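**Student:** Each residue of the sequence shown is one higher than the last, beginning at 1 in my numbering.
To be clear, the hints were calculated from the coordinates, so they are not data collected in a lab.
Computed from a prediction, not measured in an experiment: that's the story for all the values here.
Mixed in with the good hints there might be a few duds.
For lysine to aspartate or glutamate, the following EDC-like pairs were computed, each having C-alpha atoms within a straight-line distance of at most 20 Å [claimed, not checked]:
(1) Lys54 x Glu123
(2) Lys54 x Glu10
(3) Lys36 x Glu67
(4) Lys104 x Asp2
(5) Lys36 x Asp22
(6) Lys82 x Glu10
(7) Lys36 x Glu10
(8) Lys82 x Glu33
(9) Lys82 x Glu16
(10) Lys104 x Asp19
(11) Lys104 x Asp121
(12) Lys36 x Asp19
(13) Lys82 x Asp38
(14) Lys104 x Asp31
(15) Lys82 x Asp29
(16) Lys104 x Asp22
(17) Lys54 x Asp100
(18) Lys36 x Glu112
(19) Lys82 x Asp22
(20) Lys82 x Asp31
(21) Lys104 x Glu67
(22) Lys54 x Asp121
(23) Lys54 x Asp22
(24) Lys104 x Glu123
(25) Lys36 x Asp2
(26) Lys54 x Asp29
Quick list of simulated restraints, FRET-style, between CB atoms [stated by the list, open to error]:
(27) Lys82 x Val26: 40 to 50 Å
(28) Met25 x Glu123: 29 to 39 Å
(29) Pro23 x Met114: 32 to 42 Å
Virtual Cβ for every residue (Gly too), placed ideally from N, Cα, C.
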Amino acid sequence: MDFTIHMQLEPRLFVEVVDAQDPTMVLTDVDTELVKLDANGQPMHADDEQAVTKFGAAAAASGMLIEIPGNYALRASLPNHKQTNFLNPFRLNRSCWPVDRPLKVTLHMELEAMLKIVVVDSETE
């Protein structure tokens with residue numbers, strides 16, 4: 001008796017964000033988003049539920065399920081900092097995935113501290 005087992009790939013993705021100056025320092029508080037791009041390289045409309053995958057500060061242990069094939073870009077934000085290096089768009093397809101585990105993408109960020117200054121008129125306060 002012969003059996004044929006059909007398996008379908010579940011494209012799960014982990015995103016890890018590290019400091020570009022010290023790649024051993026994982027930035028766990030960074031909110032990351034995987035943004036799906038259209039054929040022109042522009043972000044898809046927000047009303048499309050597959051347009052943005054929010055990983056948040058910590059992705060689920062099993063990784064986030066995403067749609068392939070597709071063109072994507074990563075966005076990251078951290079309070080009181082701004083992302084100074086943006087990852088160029090990249091294509092994810094079936095051949096990108098390892099056979100035995102989810103795909104892991106590491107984003108190296110150069111962060112620059114921002115100082116918020118509020119000016120108040122002393123006469124009106």
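**Student:** All hints, please: hold or fail.
**Tutor:** Hint-by-hint comparison with the structure:
1. For the hint linking Lys54 to Glu123, the alpha-carbon distance of about 45 Å lies beyond 20 Å, and the restraint is violated.
2. As the CA atoms of Lys54 and Glu10 are separated by approximately 18 Å, the hinted pair is consistent with the 20 Å bound.
3. A C-alpha spacing of about 9 Å is found between Lys36 and Glu67, which places the hinted pair at or below 20 Å, so the restraint holds.
4. A threshold of 20 Å between alpha carbons decides the hint, and for Lys104 with Asp2 the separation of about 36 Å lies outside it, so the pair is violated.
5. Annotation: proposed proximity of Lys36 to Asp22 is violated, straight-line Cα distance about 29 Å (limit 20 Å).
6. Of the supplied pair hints, the one linking Lys82 and Glu10 is violated, its CA atoms being roughly 33 Å apart against a limit of 20 Å.
7. For a cut-off of 20 Å, the pair hint linking Lys36 to Glu10 stands: about 17 Å separates their Cα positions.
8. Among the hinted pairs, Lys82 with Glu33 is consistent with the structure: their alpha-carbon atoms are about 14 Å apart, no more than 20 Å.
9. Between Lys82 and Glu16 the alpha-carbon distance is near 17 Å, which keeps this suggested pair within the 20 Å criterion.
10. For a cut-off of 20 Å, the pair hint linking Lys104 to Asp19 stands: about 16 Å separates their Cα positions.
11. Distance restraint check for Lys104 and Asp121: the Cα-Cα separation of roughly 51 Å exceeds the 20 Å cut-off, and the hinted pair is therefore not satisfied.
12. For the proposed pair Lys36 and Asp19, the alpha carbon gap of about 24 Å is over 20 Å, so the pair is violated.
13. Of the pairs offered as hints, the one joining Lys82 and Asp38 is violated, with about 25 Å between alpha carbons and a cut-off of 20 Å exceeded.
14. With a C-alpha separation of about 16 Å, the suggested pairing of Lys104 with Asp31 holds against the 20 Å cut-off.
15. Simply put, Lys82 and Asp29 have alpha-carbon atoms about 13 Å apart, close enough for the 20 Å limit, and the pair holds.
16. For the suggested pair Lys104 and Asp22, the alpha carbons sit about 19 Å apart, so the restraint of at most 20 Å is met.
17. Restraint check: the Cα-Cα separation between Lys54 and Asp100 comes to about 24 Å, which exceeds 20 Å; the hinted pair is violated.
18. Our distance criterion of 20 Å between C-alpha atoms is broken by Lys36 and Glu112, whose separation comes to about 26 Å.
19. Proximity of Lys82 to Asp22 is assessed by CA-CA distance (about 17 Å); at most 20 Å being required, the pair is judged to hold.
20. Proposed proximity of Lys82 and Asp31 is supported: the alpha carbons are some 12 Å apart, at most 20 Å.
21. Of the pairs offered as hints, the one joining Lys104 and Glu67 holds, with about 15 Å between alpha carbons and a cut-off of 20 Å not exceeded.
22. Using a Cα cut-off of 20 Å, the hinted pair Lys54 and Asp121 is violated, with the two alpha carbons roughly 40 Å apart.
23. Restraint check for Lys54 and Asp22: not satisfied, since their Cα atoms lie roughly 25 Å apart, outside the 20 Å limit.
24. Only pairs whose Cα atoms come within 20 Å are accepted, and Lys104 paired with Glu123 is rejected, the gap being roughly 56 Å.
25. The straight-line distance between the Cα atoms of Lys36 and Asp2 is roughly 41 Å, outside the 20 Å bound, and the hint therefore fails.
26. Taking the CA atoms of Lys54 and Asp29, the gap is about 13 Å. The hint holds against a cut of 20 Å.
27. Here the CB-CB span from Lys82 to Val26 is close to 19 Å, at odds with the stated 40 to 50 Å.
28. Between Met25 and Glu123, the C-beta spacing of about 46 Å breaks the proposed range 29 to 39 Å.
29. Against the hinted window of 32 to 42 Å, the Cβ-Cβ separation of Pro23 and Met114 comes to about 23 Å, which falls outside the hint.
Hint violations for this structure: numbers 1, 4, 5, 6, 11, 12, 13, 17, 18, 22, 23, 24, 25, 27, 28 and 29, all remaining hints satisfied.
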